[in-house]
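Visitor: Please take these sequences and the hints and turn them into a complete structure.
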Amino acid sequence: MLHWQWKKFQELTVDELYGVLALRSQVFVVEQKSIYLDADGYDRGSYHLLGQSTEAPEPSVAAYLRVLPPGLKYAEASLGRVVTASSVRRYGYGKVLLEKGISFIEANYPNTPIRIGAQHYLKRFYEGFGFRQVSDVYDEDGIPHIEMLR
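Residue numbers (full-length UniProt numbering): 1 to 150.
Do not take every clue at face value.
Computed Cβ-Cβ distance ranges for the label pairs, DEER-style [claimed, not checked]:
id : residue 1 : residue 2 : range
1  : Asp38     : Arg124    : 34 to 40 Å
2  : Tyr138    : Ser87     : 28 to 34 Å
3  : Leu149    : Met1      : 29 to 35 Å
4  : Gly142    : Glu106    : 31 to 37 Å
In silico EDC-like pairs for lysine to aspartate or glutamate, Cα to Cα no more than 20 Å straight-line [claimed, not checked]:
id : residue 1 : residue 2
5  : Lys123    : Asp136
6  : Lys100    : Glu16
7  : Lys8      : Glu55
8  : Lys7      : Asp43
9  : Lys123    : Asp141
10 : Lys73     : Asp139
11 : Lys8      : Glu99
12 : Lys95     : Glu106
13 : Lys100    : Glu76
14 : Lys73     : Glu31
15 : Lys73     : Asp141
16 : Lys95     : Asp141
17 : Lys33     : Asp141
18 : Lys8      : Glu31
No wet-lab data here; the hints were simulated from the structure. The structure displayed is predicted, hence computed values, not measured ones. Ideal Cβ positions, reconstructed from N, Cα and C, are used throughout, including at glycine.
Guide: What follows is the structure, given as structure tokens:
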């Protein structure tokens, strides 16, 4: 079971930030073998959704995404760094993350389109949430990506 919580960057505790960065590194750098700078300058201006495991002796971040407000990276609002720990992938938390992220944007930035830079192999997953491909496939850190808009 995961406990969900939205936070601004400044509200993250040191332990929460460490958990977020560890999860993102574990999945995007180690599992996907993509060497890139995760600290891209957008975290401070973003909202962060943490799905913390309540099963461990201490809470650990098992699912995460960030919402970039319109104008921070794109003209549109954006979802990014959507990630789940391998230990919880079979429970549908990826869908929960997207639903919560989209709902947050709709509540805080009504009538604002949502742009994502998605890994190409996840195209059908994102299409299930109303996103459509708006770019050709491009390479980002050794992984094929596409821009999608909702």
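Visitor: Could you grab the alpha-carbon distance between Lys7 and Asp43 and see if it respects the 20 Å cut-off?
Guide: 11 Å, holds
Visitor: Quick check on a hinted range of 34 to 40 Å for Asp38 and Arg124, using CB atoms only.
Guide: At 26 Å between Cβs, range violated.
Visitor: Given the hinted pair Lys8 and Glu31, is their Cα-Cα distance within 20 Å?
Guide: Since the Cα atoms of Lys8 and Glu31 sit roughly 27 Å apart, the hinted pair is violated (cutoff 20 Å).
Visitor: Decide if the proposed pair is consistent with the structure: Lys8 and Glu55, CA atoms, cutoff 20 Å inclusive.
Guide: Violated. Lys8 to Glu55 sits at ~25 Å, over the 20 Å cutoff.
Visitor: Given the hint that Lys8 pairs with Glu99, test it: the Cα-Cα distance must not exceed 20 Å.
Guide: Given that 20 Å is the threshold and the Cα spacing comes to 19 Å, the pair holds.
Visitor: Taking only the CA atoms, is the gap from Lys73 to Asp141 under or equal to 20 Å?
Guide: 18 Å, holds
Visitor: Going straight from one Cα to the other, do Lys123 and Asp141 come out at no more than 20 Å?
Guide: Judged against 20 Å, a Cα distance of about 18 Å means the pair holds.
Visitor: Keeping to a limit of 20 Å between CA atoms, is the pair of Lys73 and Asp139 held or broken?
Guide: 18 Å, holds
Visitor: Does Glu31 lie within 20 Å of Lys73 when you go C-alpha to C-alpha?
Guide: 26 Å, violated
Visitor: If you draw a straight line from the CA of Lys95 to the CA of Glu106, is it 20 Å or shorter?
Guide: Given pair Lys95, Glu106 holds - Cα atoms ~16 Å apart, limit 20 Å.
Visitor: A range of 29 to 35 Å was offered for this pair. Does it hold for the Cβ distance of Leu149 and Met1?
Guide: 33 Å, holds
Visitor: Between Lys33 and Asp141, is the straight-line Cα distance small enough, at 20 Å or below?
Guide: Distance ~9 Å between Lys33 and Asp141 Cα, so the pair holds.
Consistency note: the structure conflicts with the earlier hints numbered 1, 7, 14, 16 and 18.
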